[in-house]
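Engineer: Chain by chain, the residues run as shown.
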Amino acid sequence: MTHLLRRKHILLLSVLLPPQVILLALAAGSQPVEWLLQTDMGQTVLWQIRLPRVLMAFLVGALLAWAGVLIQGVVRNPLADPGLIGVSGGAAVGAALFTVLISSGLLLPLWGQSLMAFAGGFIALLVVMKLGLSGQSLQAMSFLILAGIAVNVLASALIGLLSYLATDDALRQITFWSLGSLSGADWYWVSAMTVLLIAAVLFWPRRLRALDALLLGEVEARSMGVSVSRMQWQVVLWVALLVALAVSASGMIGFIGLISPHLARLLTGASHRRVLPLAVVLGGTLLVAADTLARTLIAPAELPIGIVTTLVGAPLFITLMIREKRRLSW
Amino acid sequence: MVAVIRAEGLGHRRNGADILQDVSFGLPPGELVMLVGPNGAGKSTLLHILAGQTAMSAGRLLLQEQDCAQFSRADWARAVTLVPQLSSMGFPLSAAEVVELGGLAHSPSLTALRRQVRAALADWEITYLASRDVRLLSGGEQQRCQLARSWIQVQQPDSCLWLLDEPLSALDLRHQQQCMQRAQQLTAAGKTVVMVVHDLNLARRFADRVLMLSCGRLVAAGTAAAVLTAEQVSQTFMLDVRLEGNVLSWD
Numbered sequence: 001m002t003h004l005l006r007r008k009h010i011l012l013l014s015v016l017l018p019p020q021v022i023l024l025a026l027a028a029g030s031q032p033v034e035w036l037l038q039t040d041m042g043q044t045v046l047w048q049i050r051l052p053r054v055l056m057a058f059l060v061g062a063l064l065a066w067a068g069v070l071i072q073g074v075v076r077n078p079l080a081d082p083g084l085i086g087v088s089g090g091a092a093v094g095a096a097l098f099t100v101l102i103s104s105g106l107l108l109p110l111w112g113q114s115l116m117a118f119a120g121g122f123i124a125l126l127v128v129m130k131l132g133l134s135g136q137s138l139q140a141m142s143f144l145i146l147a148g149i150a151v152n153v154l155a156s157a158l159i160g161l162l163s164y165l166a167t168d169d170a171l172r173q174i175t176f177w178s179l180g181s182l183s184g185a186d187w188y189w190v191s192a193m194t195v196l197l198i199a200a201v202l203f204w205p206r207r208l209r210a211l212d213a214l215l216l217g218e219v220e221a222r223s224m225g226v227s228v229s230r231m232q233w234q235v236v237l238w239v240a241l242l243v244a245l246a247v248s249a250s251g252m253i254g255f256i257g258l259i260s261p262h263l264a265r266l267l268t269g270a271s272h273r274r275v276l277p278l279a280v281v282l283g284g285t286l287l288v289a290a291d292t293l294a295r296t297l298i299a300p301a302e303l304p305i306g307i308v309t310t311l312v313g314a315p316l317f318i319t320l321m322i323r324e325k326r327r328l329s330w
Numbered sequence: 331m332v333a334v335i336r337a338e339g340l341g342h343r344r345n346g347a348d349i350l351q352d353v354s355f356g357l358p359p360g361e362l363v364m365l366v367g368p369n370g371a372g373k374s375t376l377l378h379i380l381a382g383q384t385a386m387s388a389g390r391l392l393l394q395e396q397d398c399a400q401f402s403r404a405d406w407a408r409a410v411t412l413v414p415q416l417s418s419m420g421f422p423l424s425a426a427e428v429v430e431l432g433g434l435a436h437s438p439s440l441t442a443l444r445r446q447v448r449a450a451l452a453d454w455e456i457t458y459l460a461s462r463d464v465r466l467l468s469g470g471e472q473q474r475c476q477l478a479r480s481w482i483q484v485q486q487p488d489s490c491l492w493l494l495d496e497p498l499s500a501l502d503l504r505h506q507q508q509c510m511q512r513a514q515q516l517t518a519a520g521k522t523v524v525m526v527v528h529d530l531n532l533a534r535r536f537a538d539r540v541l542m543l544s545c546g547r548l549v550a551a552g553t554a555a556a557v558l559t560a561e562q563v564s565q566t567f568m569l570d571v572r573l574e575g576n577v578l579s580w581d
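If you read the sequences in order, they're chains A and B. Just so we're aligned: 79 in this note's numbering is position 79 of the first sequence, and the numbers increase by one with no gaps anywhere. In this note's numbering, each number is its position in the second sequence, counted from 1, plus 330.
Any given hint might turn out to be false.
[Claimed, not checked] Listed next, the stretches of chain A that the computed footprint assigns to chain B, with coverage defined by at least 3 CB atoms under 8 Å from CB atoms of chain B:
1) 206 to 214
2) 235 to 246
[Said to hold, decoys possible] Listed below are several chain B residues computed to face chain A (Cβ distance under 8 Å; list not exhaustive):
3) Gln400
4) Ala404
5) Ala407
6) Leu412
7) Met419
8) Phe421
9) Thr441
10) Arg444
[Claimed, not checked] So the derived label-pair ranges between C-beta atoms look like this:
11) A/Arg323 <-> B/Gly552: 53 to 59 Å
12) A/Leu161 <-> B/Ser387: 42 to 48 Å
13) A/Ser183 <-> B/Arg343: 56 to 62 Å
Keep in mind that the hints were calculated from the coordinates and are not lab data. For glycine and all other residues, C-beta sits at the position ideal for the given N, C-alpha and C.
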């Protein structure tokens with residue numbers, strides 16, 4: 001196993017890749033670059049619409065990838081994904097409930113939406129973890145996926161129920177969440193996500209070795225001095241936070257949290273100190289690329305981003321699984 | 331005598347059944363202790379209680395004569411190292427990365443850790459596997475990776491107890507012998523080793539002390555010669571065993 005990327009390469013990549021991709025995405029659109037730079041209208045579009053949107057795409061991708069790395073590590077299952085195991089669904093239910101409450105005349109602050117998304121995602125994650133972490137590891141893996149399916153089905157039923165209760169305006173919002181879109185981007189979301197990302201950067205790096213230990217098994221990790229249950233709680237809280245903010249800003253965007261850690265591991269092995277930064281940069285980059293496609297392919301209309309990531313992500317995921325299966329069978 | 335680890339009336343209940351009952355012993359420093367008994371006797375449970383992995387439902391456990399409740403998880407790991415039975419892993423860590431985790435409990439400096447990893451890989455003859463994906467190694471090779479990982483942890487100065495759950499099960503003859511030599515190397519340095527084994531003749535040959543469990547109770551404890559008698563073994567394992575020379579044998 002020779003890793004394609006060593007740690008210094010990853011650092012280099014993390015610094016160089018995002019600005020390139022962001023610049024490219026800023027330039028992509030129906031109008032030429034000169035228009036953006038030289039007209040008043042273009043300047044407004046650039047600073048108030050395009051830049052926050054591209055930055056938010058990067059941040060949402062980064063948050064989802066971060067959540068994916070954490071949840072996969074703590075349940076020791078490389079198939080776990082915030083979308084697949086129902087966390088995004090739970091968060092979307094919370095956000096949709098908020099919208100219905102707002103449209104029925106209740107006065108609630110905007111951050112209440114993220115709070116309710118957090119509550120929804122947190123509850124979904126608790127249910128799934130409770131089922132997915134007990135017992136033998138092989139059993140736990142299938143329980144986790146099954147619990148995720150159950151939570152997802154329940155979430156979509158609840159969203160369906162809420163859309164019956166919703167006004168036209170709220171209904172549009174709810175559809176927006178279930179398909180995913182970055183068209184709501186503004187500087188409020190960009191700054192909120194930047195703050196959360198900085199907090200994660202301060203919190204996680206010194207805990208990554210313990211997360212590596214957890215990959216070997218809970219007993220093994222405890223024998224090395226890791227407080228496994230505390231670590232699990234930290235991951236549950238952080239994943240719910242990361243996913244809640246991503247979902248309340250942009251709806252359910254599938255597969256980024258799954259594909260980015262997978263690609264990172266293909267490039268650099270499983271050690272979290274290499275996988276986490278690489279996956280986060282890849283997640284951001286992939287989502288910027290997907291969003292650029294979503295808004296330019298059928299311009300002036302745009303595709304829902306969730307559809308783009310799933311159309312690309314699901315086949316890619318199946319390919320990765322086939323590859324993995326071949327590699328591990330003998 | 332200051333025992334490295336002392337059990338006083340240990341008990342463990344699971345789903346209303348007694349897995350362990352009233353187990354008491356004290357283990358002095360520098361002994362190689364083997365834990366024997368039939369399947370389901372409670373050997374692994376006892377080892378996991380000593381490792382601080384499984385809660386006891388009765389009794390007391392003392393490490394260096396201090397109640398185990400006074401230790402945090404991290405403190406316990408600095409003193410006690412467990413090698414559990416082999417479990418499978420779904421992630422592509424390399425053998426060297428697995429071994430390197432042995433430094434987690436004591437967090438030695440980076441240069442010291444690098445040196446310890448190199449030494450552990452050499453001591454367990456897995457240097458040639460260092461950069462390989464552990465999931466693709468054979469059972470015996472994976473077992474040696476886990477042993478090498480724990481080897482780093484148990485060799486730290488404040489570590490005093492090495493607990494091994496059937497460490498020899500996947501190893502070939504050469505590496506079984508090597509594992510026993512490593513254990514003796516530790517006992518010579520004043521650390522205590524507790525090992526669950528099934529090979530009673532191995533226990534007769536290497537053990538300074540044998541603890542025999544049957545149906546959750548400690549039925550015999552003492553030197554190998556005193557515990558592993560034909561009569562005691564026949565009775566506990568329900569098999570007609572005799573002693574020929576210094577070797578237990580059966581038809």
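Engineer: Which numbered conditions among the earlier hints are violated in the structure presented, ordered from lowest to highest?
Structural biologist: Violated: hints 2, 3, 9 and 10.
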